[in-house]
Each structure stands twice: as structure tokens, then as C-alpha cells.
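Enquirer: Chains as they are written, first to last, in my numbering: chain A, 36 to 150; chain B, 36 to 150; chain C, 36 to 150; chain D, 36 to 150; chain E, 36 to 150; chain F, 36 to 150.
Simulated from the structure, these hints should not be mistaken for lab results. Keep in mind that the hints are not guaranteed to be accurate.
For chains that are exact copies, the list does not tell them apart, and a pair is met inside one copy or across any two.
Claimed, not checked - Below, simulated DSSO-like cross-link-like pairs (lysine-lysine); rule was C-alpha separation at most 30 Å, straight line:
(1) LYS64 with LYS149
(2) LYS110 with LYS53
(3) LYS110 with LYS75
(4) LYS110 with LYS64
(5) LYS53 with LYS109
(6) LYS149 with LYS46
(7) LYS149 with LYS50
There are 6 protein chains.
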Amino acid sequence: MSIESLSEFEKNREKGNKLILENADRQMKRLFHIDGEVYKEGTLSSKNKELLGLVSSLVLRCDDCISYHIVQCKKEAVTIEELMETLTIGYTVGGSITVPHIRRALIRWNQLEKE
Amino acid sequence: MSIESLSEFEKNREKGNKLILENADRQMKRLFHIDGEVYKEGTLSSKNKELLGLVSSLVLRCDDCISYHIVQCKKEAVTIEELMETLTIGYTVGGSITVPHIRRALIRWNQLEKE
Amino acid sequence: MSIESLSEFEKNREKGNKLILENADRQMKRLFHIDGEVYKEGTLSSKNKELLGLVSSLVLRCDDCISYHIVQCKKEAVTIEELMETLTIGYTVGGSITVPHIRRALIRWNQLEKE
Amino acid sequence: MSIESLSEFEKNREKGNKLILENADRQMKRLFHIDGEVYKEGTLSSKNKELLGLVSSLVLRCDDCISYHIVQCKKEAVTIEELMETLTIGYTVGGSITVPHIRRALIRWNQLEKE
Amino acid sequence: MSIESLSEFEKNREKGNKLILENADRQMKRLFHIDGEVYKEGTLSSKNKELLGLVSSLVLRCDDCISYHIVQCKKEAVTIEELMETLTIGYTVGGSITVPHIRRALIRWNQLEKE
Amino acid sequence: MSIESLSEFEKNREKGNKLILENADRQMKRLFHIDGEVYKEGTLSSKNKELLGLVSSLVLRCDDCISYHIVQCKKEAVTIEELMETLTIGYTVGGSITVPHIRRALIRWNQLEKE
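Between the sequences and the hints, there should be enough to build the whole structure, so can you do that?
Expert: What follows is the structure, given as C-alpha cells:
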């Protein structure tokens with residue numbers, strides 16, 4: 036499977052998020068809000084939290100979630116070495132079934148490098 | 036990830052189903068047949084059964100299955116409020132990893148509204 | 036695998052919940068609270084919501100979650116026919132890997148019948 | 036987690052299967068029947084089919100299903116070398132999260148050797 | 036969801052693999068190497084090992100992994116009957132949630148037949 | 036479900052690991068070795084790597100893996116605040132289906148505090 040360009044990814048994401056916010060009941064709105072809160076600086080740095088979000092998304096194998104955290108990792112100045120060590124843990128825990136997602140994670144990372 | 040149009044979705048589905056029926060051994064044919072039976076009116080209404088199928092597909096995160104049940108929900112006159120409460124339960128149980136699928140579920144629902 | 040008695044299940048659950056509430060940070064407390072809210076009567080009845088929770092727990096194969104929803108289903112006066120139709124949908128969607136959980140769901144249901 | 040003895044495993048399994056057969060609706064009965072059919076000799080030998088069932092159960096991480104297929108593999112005269120190669124493929128595909136299940140698979144296998 | 040052509044699949048795969056090999060740390064390189072080793076002829080034939088890889092990929096529902104093993108199965112002279120029996124076991128164990136992947140597996144198989 | 040005592044957990048783990056090492060083929064031995072390597076100090080600290088292992092185990096819902104990483108986290112001087120933030124991310128990503136595992140994670144943590 037190929038992945039869409041970064042701008043297409045962002046556009047699809049926003050289109051979907053808009054539909055969620057327009058239609059969500061009260062509890063869904065709260066869940067959605069919490070998603071934005073848990074990666075903020077706490078006892079753990081927001082960088083480390085993004086890596087936790089990334090590895091969770093990798094072992095659960097969700098490309099959109101991985102793409103989102105890759106973008107955030109870049110904003111948090113994660114290095115390629117840190118990225119690879121995180122992906123290696125996901126690969127070890129989650130097995131070779133994660134490899135196609137690692138491929139797409141690195142393609143996304145590369146797109147960001149070229150911006 | 037973007038999702039294909041409704042007609043493309045239906046076309047791909049039919050193409051694949053045709054290949055299944057042409058090649059399936061006896062047990063696969065039976066499994067395939069049961070899939071069509073379990074959502075029929077029983078002690079539970081077919082509407083409630085479709086919602087059960089939808090939430091199962093959401094927590095297992097299969098876009099094609101979600102699309103299929105969204106189409107069926109529409110036929111069963113599910114309201115947007117009922118849809119959202121069902122998706123909220125899936126989101127609660129299955130976590131934020133389901134969000135990209137909720138986005139695409141609502142985009143699919145919207146396509147049906149416009150038909 | 037065998038399952039513990041109903042009273043042991045409840046005791047372990049409470050012990051764990053107490054530890055969660057004593058230690059949870061703000062966001063975890065909110066998530067925990069939402070879990071209690073989403074099954075309440077809404078556009079969908081609380082009975083139908085419990086069935087949605089049950090089928091989600093079955094296809095994701097979590098015995099403790101299944102036990103919890105089985106207890107709630109009993110309180111909501113779910114009949115054995117409604118229970119079986121719900122479990123059949125879970126079995127269809129989730130496959131034979133759910134069967135050990137269906138076994139334990141019915142053992143739990145039976146314990147409740149005898150109370 | 037420890038695993039129960041072989042006789043306890045068989046007893047729990049039968050108790051649960053009895054409840055399924057007593058309560059199952061028509062479609063569940065058919066699914067249950069198919070489960071018994073698909074591992075029978077076909078173009079593929081029943082031995083190879085049991086290995087397919089075993090590796091599926093391992094990557095989906097269901098101890099009861101693994102125990103069942105381990106027992107069947109023994110009946111089909113699977114050797115320890117064949118068993119290990121099958122488990123290695125499951126470990127490779129499914130990652131280290133499968134390791135606790137490999138431990139219990141080998142403990143079960145050992146119980147069967149001693150019978 | 037539709038699947039890309041065989042040449043596009045191969046191209047995306049190679050592009051991603053190149054990025055993995057350029058950036059991988061030592062442990063990831065080793066994991067990647069092992070992935071190539073475990074399907075080689077051993078006590079079990081490489082044909083049977085490919086079927087084990089295929090069924091694992093099916094129940095874990097990874098289209099790219101399925102496509103890869105379908106291509107390998109073809110090289111190992113797997114017949115359509117053997118393929119279908121393997122997919123039927125995956126469908127039985129993993130449920131109807133695997134059906135969209137079976138559709139795409141058969142479309143991929145068909146593309147290979149026409150080459 | 037209750038969890039066994041710490042000493043029982045360690046004993047079962049060792050018994051299983053012994054069986055793995057006695058029977059493992061070459062590739063399984065290598066996978067097993069890599070599991071021990073990836074959490075070692077690198078660009079990321081071993082503490083952060085343990086948290087990555089913990090959150091992966093939580094969202095994939097493996098009690099034995101969680102127990103193992105909880106023990107390691109304690110050795111790495113992870114604080115209760117850091118633990119809770121990590122579990123909150125797992126809960127957010129993986130949903131309420133992770134709650135029974137969070138309960139048992141905290142019971143395990145408590146056992147370690149009392150040692």
C-alpha cells in the first residue's frame with residue numbers, strides 16, 4: 036500500500052475531525068478532548084509522550100495514528116536515532132506484521148525532512 | 036487515508052465476492068452464507084443487529100466492514116444520534132486508535148445522506 | 036482456563052479500581068468516569084448499549100470486560116435468546132478465537148442464574 | 036500466568052461446550068460445526084491444517100486455542116522440530132508479545148510427553 | 036478498499052525496505068534478516084511455511100503481508116485448492132472481519148495467474 | 036481475573052524460558068536474544084525504553100509482558116507519576132479494554148512497593 040502525500044493526509048484528517056465535532060455527543064467530545072491533553076508536557080516530557088504514542092500506534096498498526104505521531108515527533112525535535120530505537124521496540128514487541136507500517140512511517144518521516 | 040467513493044467501494048466488494056464464490060471450498064461457502072444470516076431479524080431487531088455489527092467492526096478497525104454496516108444502518112433507518120452513541124461506545128472500548136475509522140465512517144455516512 | 040467465582044471477580048475488580056482511583060492522574064480519572072457514562076440510557080436504551088459493550092468485549096476477547104457486561108445485561112433483563120444472538124454476531128465477526136470467551140461468558144451467565 | 040493441568044483444561048472446555056450446545060441458536064450451531072470440519076484431511080493433510088490452526092492461535096494469542104491445537108498436533112504425530120519451526124514463524128510474525136504463549140505451549144506439550 | 040497493481044506493490048515495498056536498511060539500528064537489521072530466514076526449507080517445507088505465514092497474516096489482517104505471501108505461495112507452486120483451504124482456516128479462526136482481506140488476496144492471486 | 040504472586044510469576048516465567056531455550060531452533064534463539072537487547076541504554080535511556088515496552092504491552096493487553104516491564108520499571112526507578120502518565124497514554128490509545136490490565140499492573144506495582 037502506498038501512502039498519500041502529507042497535505043492530503045492533513046486534509047482528510049481535518050475533513051473527518053470536522054464531521055466528528057459537528058456530530059459528536061457529549062461523551063465523544065470529551066474523549067476527543069482528552070486525546071489532545073495526554074501528550075502534553077507532564078512528569079514525562081512531551082517528546083517522550085509522543086514516542087509512547089508512536090510505539091502504541093505501531094504495535095496496534097494504525098497508519099493514520101503513526102503519521103500523526105511522526106509529525107508530532109518532528110515538531111518535538113526527535114532525532115532519527117531516537118525514532119529508529121522506538122520503531123525497533125515496536126517491531127520487537129509487535130513482530131514482522133508491523134514492518135509495512137515501519138516502511139510507511141519512514142516514508143512519512145522522509146517527506147517531513149524534505150519540507 | 037482517504038476512502039473511495041461509494042460506487043467504487045461497492046464495485047470492489049462485488050469483484051472480490053465473485054472471486055470468493057467462484058473459488059470457495061464447501062466450508063468457506065457456509066461461513067459466507069452465515070455472514071448473511073446473522074443480521075436478520077430475530078429476537079433482536081435487524082437494526083440492533085446492524086449496530087452490533089458496526090461496533091464490532093469499529094473496535095476491530097476494519098474500514099470495509101464499517102462501510103458495509105454504515106450502508107445497512109442507513110437502510111434500517113438508524114438516526115444520526117443512534118449512530119453517534121454506537122460509535123461513542125466503540126471509541127470508549129477501543130480507544131483513540133479507532134478515531135481514523137470514525138472519521139471515515141462519518142464521511143461514508145455523509146456520502147449516503149447526499150444520495 | 037477456568038474463571039473465578041462471581042464474588043472473587045467482584046473483589047478483584049474493586050481492589051484494582053481502588054488502586055486506579057488512588058493513583059490516577061486527571062486524564063485517567065476522566066476516562067474512567069466516561070466509561071461509566073456511555074452505557075446510560077440515551078437515544079439507545081441502556082439494554083442495547085450493554086449488548087454493544089458485550090459484543091465489543093467479545094470480539095476484543097477480554098474476559099473481565101465480558102463478565103462485567105454479562106452482569107449488567109442480567110440487570111437489564113436481557114433474555115438468554117438476546118444474549119445468544121449477540122454472542123453469535125461476535126462469533127461470526129470475530130471467529131472461533133472467541134469461542135473460549137463464549138464458554139466463559141455462558142459459565143458466568145449460569146452463575147448469575149443460580150443466585 | 037500459570038496454566039491449568041491437562042485434565043482441568045479438558046474439563047473446563049467440555050463444561051463450556053455443553054453450555055454452548057444447550058443454548059446456541061441455529062447460526063452458532065453451524066459455526067461450531069464448521070470449526071470441527073475445517074481441520075479434517077483435504078488437499079492439505081490434517082497435520083498441516085493443525086499447524087495452520089496453531090500458528091493462527093499463537094499470533095492471535097489465545098491460550099485455550101493453542102492448548103487445543105497442541106493436543107491435536109500430538110495426535111497427528113507432529114515432531115518437536117516441526118512444532119518449534121511453527122512457533123518460530125508465529126514469534127517472527129507476531130513478535131515478543133507471543134512469548135508468554137510460547138512458554139505455555141511448551142509446558143502443555145511437555146505435559147503431553149509425560150502422559 | 037481497492038488494492039494497487041502488483042508492480043506498484045513491489046515498488047512501494049522496495050522503496051520502504053530501502054529506507055529501513057538505510058536507517059535501521061543493529062537490532063532492527065537482525066530482525067529484518069530473521070524475517071527472511073524463517074520461511075526457508077527446514078523440517079517443514081518452504082511451501083508449508085509460506086502457508087503458515089499466509090494464515091498468520093490473514094488473521095492479523097495485514098494486506099501487504101498477505102500480498103507478499105501470496106506471491107511466495109505462487110513461487111512455491113501452491114494450488115488454488117491449497118490456497119482456499121488455508122484461507123478457510125484463517126476465516127474460521129479469525130471471523131468475517133478477515134473477509135475483505137480474503138477478497139484482496141484472491142484479486143492478488145488472480146493478477147499473478149494472468150502474468 | 037486475579038494475578039499470581041510475584042514469586043509465582045517469576046517461577047512460571049523461568050520454567051517456560053527454560054523450555055524455550057532447550058527446544059528453540061536457531062532463529063527463535065536469535066529472536067529471544069534480541070528481546071533482551073532492545074531495552075538496553077542507547078540514544079534513549081533504558082528507563083524510557085522500558086516505558087515504551089510497557090505501553091506496547093498494555094495496548095496489546097498481555098499481563099505477563101506488563102508484569103515483566105513493571106518489574107523492570109521499578110529497577111529503573113520509574114516514579115508512580117511517570118508510571119501513571121504512561122498507563123494513561125495506553126488507556127487513551129487502547130481504550131477501556133485495557134482497564135483490567137491497568138488494574139493488574141497497579142496490583143503488581145503495589146506488590147513491588149511492599150518488598
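Enquirer: Determine for every hint whether it applies to the structure shown.
Expert: Hint-by-hint comparison with the structure:
{"no.": "1", "hint": "LYS64 with LYS149", "verdict": "between (35 Å within a copy, 25 Å between copies)"}
{"no.": "2", "hint": "LYS110 with LYS53", "verdict": "both (23 Å within a copy, 25 Å between copies)"}
{"no.": "3", "hint": "LYS110 with LYS75", "verdict": "both (13 Å within a copy, 26 Å between copies)"}
{"no.": "4", "hint": "LYS110 with LYS64", "verdict": "both (26 Å within a copy, 27 Å between copies)"}
{"no.": "5", "hint": "LYS53 with LYS109", "verdict": "both (24 Å within a copy, 21 Å between copies)"}
{"no.": "6", "hint": "LYS149 with LYS46", "verdict": "both (19 Å within a copy, 21 Å between copies)"}
{"no.": "7", "hint": "LYS149 with LYS50", "verdict": "both (25 Å within a copy, 16 Å between copies)"}
Against the hints set out earlier in the document, no violation occurs for any number.
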